[in-house]
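**Student:** So that you can map any letter, position 109 of the sequence shown is 109 in the numbering used here, and since no number is skipped, the others follow by simple counting.
The hints are simulated quantities; they were obtained by calculation from the structure and are not laboratory data. Because the structure is a prediction, the values reported are computed rather than measured. Yeah, the Cβ is synthetic: ideal placement off N, Cα and C, and Gly gets one too. A couple of the hints might just be wrong.
Computed list of lysine-lysine pairs in DSBU-like fashion (alpha-carbon distance at most 35 angstroms, straight line) [what the hints assert, rightly or not]:
#, residue 1, residue 2
1, Lys71, Lys55
2, Lys42, Lys71
3, Lys52, Lys42
4, Lys9, Lys42
5, Lys9, Lys52
6, Lys52, Lys114
7, Lys71, Lys114
8, Lys55, Lys42
9, Lys32, Lys9
10, Lys42, Lys114
11, Lys32, Lys10
12, Lys32, Lys52
13, Lys10, Lys52
14, Lys32, Lys42
Pair ranges (Cβ atoms, derived) [claimed, not checked]:
#, residue 1, residue 2, range
15, Gly63, Phe102, 30 to 36 angstroms
16, Gly23, Thr54, 25 to 31 angstroms
17, Arg34, Glu118, 42 to 48 angstroms
18, Lys32, Lys71, 39 to 45 angstroms
19, Arg34, Lys71, 32 to 38 angstroms
20, Tyr70, Arg34, 19 to 25 angstroms
21, Asp38, Glu118, 21 to 27 angstroms
22, Tyr17, Phe102, 39 to 45 angstroms
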Amino acid sequence: MLNDTTSFKKVYIATGYTDLRQGIDGLASFVKLRFNLDPFDKDTLFLFCGRKATKIKGLIWEGDGFLLLYKRLEVGAFAWPRTESEALAISPEQYRLLMSGFTIVAKHPISELKERKEIV
Numbered sequence: 001m002l003n004d005t006t007s008f009k010k011v012y013i014a015t016g017y018t019d020l021r022q023g024i025d026g027l028a029s030f031v032k033l034r035f036n037l038d039p040f041d042k043d044t045l046f047l048f049c050g051r052k053a054t055k056i057k058g059l060i061w062e063g064d065g066f067l068l069l070y071k072r073l074e075v076g077a078f079a080w081p082r083t084e085s086e087a088l089a090i091s092p093e094q095y096r097l098l099m100s101g102f103t104i105v106a107k108h109p110i111s112e113l114k115e116r117k118e119i120v
């Protein structure tokens with residue numbers, strides 16, 4: 001289920017660390033209070049990762065109730081963004097890369113220059 005991106009309208013990841021001992025109510029409150037997002041947004045997947053990047057939880061409101069997903073990798077680890085404490089909306093392509101173990105947030109992103117250097 002977590003490898004199929006077609007069933008999700010939006011995907012958010014909670015960057016940083018999350019206490020995975022939390023259940024549905026704790027994670028839904030986390031989404032509402034910390035990120036100011038609606039956990040009842042139908043077909044929106046919220047992903048959380050603990051200190052060990054081998055385990056993630058997903059929370060989805062299906063219209064009639066929450067679905068809590070848990071995935072533990074046997075080999076490898078997720079390349080989870082750890083530097084921010086916010087919800088990060090990701091594209092279906094980024095989601096596919098994350099589920100395949102690739103990093104989706106560049107450590108040194110390339111950006112456009114704001115000032116040009118003088119050439120001598």
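**Student:** Determine for every hint whether it applies to the structure shown.
**Tutor:** Hints, one by one, checked against the model:
1. Lys71 with Lys55: 6 angstroms, holds
2. Lys42 with Lys71: 21 angstroms, holds
3. Lys52 with Lys42: 29 angstroms, holds
4. Lys9 with Lys42: Given that 35 angstroms is the threshold and the Cα spacing comes to 8 angstroms, the pair holds.
5. Lys9 with Lys52: At roughly 27 angstroms apart (the allowed maximum being 35 angstroms), Lys52 and Lys9 satisfy the hint.
6. Lys52 with Lys114: Violated. Lys52 to Lys114 sits at ~38 angstroms, over the 35 angstroms cutoff.
7. Lys71 with Lys114: Violated - the C-alpha atoms of Lys114 and Lys71 are around 43 angstroms apart, more than 35 angstroms.
8. Lys55 with Lys42: 24 angstroms, holds
9. Lys32 with Lys9: 18 angstroms, holds
10. Lys42 with Lys114: 40 angstroms, violated
11. Lys32 with Lys10: 16 angstroms, holds
12. Lys32 with Lys52: 24 angstroms, holds
13. Lys10 with Lys52: 25 angstroms, holds
14. Lys32 with Lys42: Given that 35 angstroms is the threshold and the Cα spacing comes to 14 angstroms, the pair holds.
15. Gly63 with Phe102: 30 to 36 angstroms: Cβ of Gly63 to Cβ of Phe102: about 32 angstroms, so the range 30 to 36 angstroms holds.
16. Gly23 with Thr54: 25 to 31 angstroms: Once the Cβ atoms are compared, 20 angstroms apart, the range 25 to 31 angstroms for Thr54 and Gly23 is violated.
17. Arg34 with Glu118: 42 to 48 angstroms: 46 angstroms, holds
18. Lys32 with Lys71: 39 to 45 angstroms: With a Cβ separation near 23 angstroms, Lys32 and Lys71 fall outside 39 to 45 angstroms, so the hint is violated.
19. Arg34 with Lys71: 32 to 38 angstroms: Once the Cβ atoms are compared, 22 angstroms apart, the range 32 to 38 angstroms for Lys71 and Arg34 is violated.
20. Tyr70 with Arg34: 19 to 25 angstroms: Given range 19 to 25 angstroms: holds, Cβ gap about 20 angstroms.
21. Asp38 with Glu118: 21 to 27 angstroms: 50 angstroms, violated
22. Tyr17 with Phe102: 39 to 45 angstroms: Roughly 20 angstroms apart at Cβ, these two residues miss the hinted range, so it is violated.
Hint compliance for this structure: hints 6, 7, 10, 16, 18, 19, 21 and 22 are broken, all remaining hints hold.
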